[in-house]
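Could you put together the complete structure from these sequences and hints?
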Amino acid sequence: MAGRSAGPPGEPRRVAYLYLLPAFAVYAAFLLYPIGRAVQLSLYDWDGLSLGRWVGLDNYVAIVADEGLRAAFGHALVLIVFYSGGPLVIGLGLAAILNHAKVRGLGFFRTVVFLPQVVAMVVVAVAWRRVYAPDGTLNTLLGALGLDSLTRGWLGDYTFALPAVGVVGTWFETGLVTVLLLAGMSRIPGELYEAARLDGAGAVREFFAVTLPSVRGEIAVALTLTVIAALRTFDLVYITTKGGPGDSTSVPSYEVYHRAFGLSQVGSAAAIGVTLTVVIFVISFGINRFADRRVS
Amino acid sequence: MNPPLRAIAALAAGVLALAACAPGSSAPPAGTGTSAQPSASAVRTDAAQLGDVTLTVWDQEVRGGQAAQMKQLNDAFQAKYPNIKLNRVSRSFDDLNTTLRLALSGNEPPDVVEANNGRSSMGAFVKAGQLRPLDAYAEAYGWKERYPQSVLRYSSYSPDGKVFGEGNLYGLPQVGEVVGIFYNKAKLGKLGLEPPATWADFGAALDKAKAAGEVPMQLGNLDKWPAIHVFGTVQSRSVPADQISTLAFGRKGGSWNSPENVKAAEELVGWVDKGYFNKGFNGQGYDPAWQAFGKGEGVFLIAGTWLLADLQKALGDDLGFMLPPGATADAPPVATGGTGLPFAITAKSPHPDAAAAYIDFITNADAMKVLTSTGNLPVADTAQQSVPAGPQKDVFTAFGTVTSKDGLVPYLDYATPTFADTLGAALQDLLAKKQTPQEFLATLEKDYKTFAESNG
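Residue numbers (the working numbering), protein chains in the order written: chain D, 404 to 699; chain G, 3 to 458.
Hints are not guaranteed to be accurate.
Claimed, not checked - To be clear about the criterion: a stretch of chain G counts as covered by chain D if any three or more of its residues have a C-beta under 8 Å from a C-beta of chain D, and this derived list gives those stretches:
#1 124 to 135
#2 222 to 229
#3 425 to 434
Since the hints were derived computationally from the structure, they do not count as laboratory data. All C-beta atoms, glycine included, are put in the ideal place defined by N, C-alpha and C.
As structure tokens, then:
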């Protein structure tokens, strides 16, 4: 009965949806439903315990109006520079060298570069907190170089706290980006380089003419991953600065946690979470659109 | 609308429809807990006669001496009342805080829970009708005679959860804590100083320590909250205790913009100017700071009695502890302080009598002795405990003195649900000179006033 009568041969049959159902059920239960619930919560003024009060879009209006929250989103954008920009530049350079020089023990270097990714962020944060402490490694090093005037409590300094957190992000993401780009570069056929060299291109020209365009896809993947990581930053800030000094390192994810569990403003927390999700979605979408516009 | 978009829209609508009941609708109407309050004669205090009962207890006594006392007391309770079975669930402070909220809104919450005193925990639970008022039990067991009023108010709320510090009693703590001044006896001796008897002497001692090239005072303020205790100590030298209580309990009628508060903020900034704190204190963690003090860096440390065990281990008998001195040597003591987390009974517990008997058992006079012997600071009968001379004796004397004279003032961050954050960030700003004392107080005033007005 179900046969192929529904359409021309080769067309998908309706029964296909049945096969999709199990996966969809799991997806809906663990992803779509929670998202829907979060959206719904964001429309309420709710303390997590007593009956919620419908407030419509007030929570979203408050996000835009709240100077502190705008600052938090601003800090997240600064972190993108450190999480994505830094690793991309360093990663491109590092990968180009590793790929080009055909270093002996490439596997070893690849492992070393990738190592930060393997360590849990909480551990990374605790370690860097010690590095940045007033009597920590960084200040000891500066002192040894005779740069005592530069020493400070890095995470407690209003100018340097956010960059200090950002540098941890750079350190963390560089390995991932490098390994991604290295994989991309190893697939570039040698003939392309040969041709470029015959045309009289130097190493720099070669990099911009051959290597860079060839790893466009990998760059997009790297950017997507790192930008999302930057916007979602929570554990790093939670462990190192708790958003301080003052509010100079507050980030949206930390605000979500803080409002939901610290201040019992579950509705507001959900609204920030939803906003953050939308921002992440838009930015990743933009990056991928950009990467898909293949140059010939 | 093209087909895929339409599908997504339909999906979104469906998901929303699934989720479309107001959050929190399963919570009981406010007041169920309060109307059920029995009179003292109606409660049963003979635990052995309560039949076979299982009590589920959620506590956060997981560390060192805390865990030891809890185990010892629970074992004794089980031995004495075999008819009551304890089902103990123990988790760290942070874990308890984040899970308790969900557990209490369920249909079968634990019977006895340790709930943090503040508005966002105990206050919110009272407001939602999830905790049982304990006044009848307090009367039956004589808790109000044994516990000082300045201690009991930390677990008292009005039945609607709005007024903190008075009203019904919702919990009973085991241990006390007070913020005072730890000092390094050996260093004081080297500087030719005695523990300061007045606040002016304290200033002079800091001066002398600085001149001698010591770190006068350790502070690690990276975690935002530690300076709250330092500021509270300075503030309670110049601001009258009743004003601090009004501000710290978030009640109407106080103001941060007072000359006394300005004086306190200016004095604290003065300490920064004079270099009394270690370098880079805003970037130093709380733990590394007191650990440095334990290693002999720093003459003084303003901190709470909870550091006693660790510091004593590090410094031994070189460690001393004192209440912050007043303007004169015989001024009545005032210090920031409070209690450990109070034990409360949930409104839905089917065995409130057994739960109250358990709470009484872990807080009675014998329990206080167990607390002492396991290195904790008992909140009641503190002066009656016998401890060897040394830092522990200092701490017991300090707490006994300040509670017997009702000199405890509440933690400033109790004031409003957001105040810990507001004050912590503002203090970092103040200490880093990003805000003047006036701006600092205006920030606090705004948070306090906004809350006090809306709270009614």
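The hints, checked one at a time:
no. : hint       : result
1   : 124 to 135 : holds (count 5)
2   : 222 to 229 : holds (count 4)
3   : 425 to 434 : holds (count 6)
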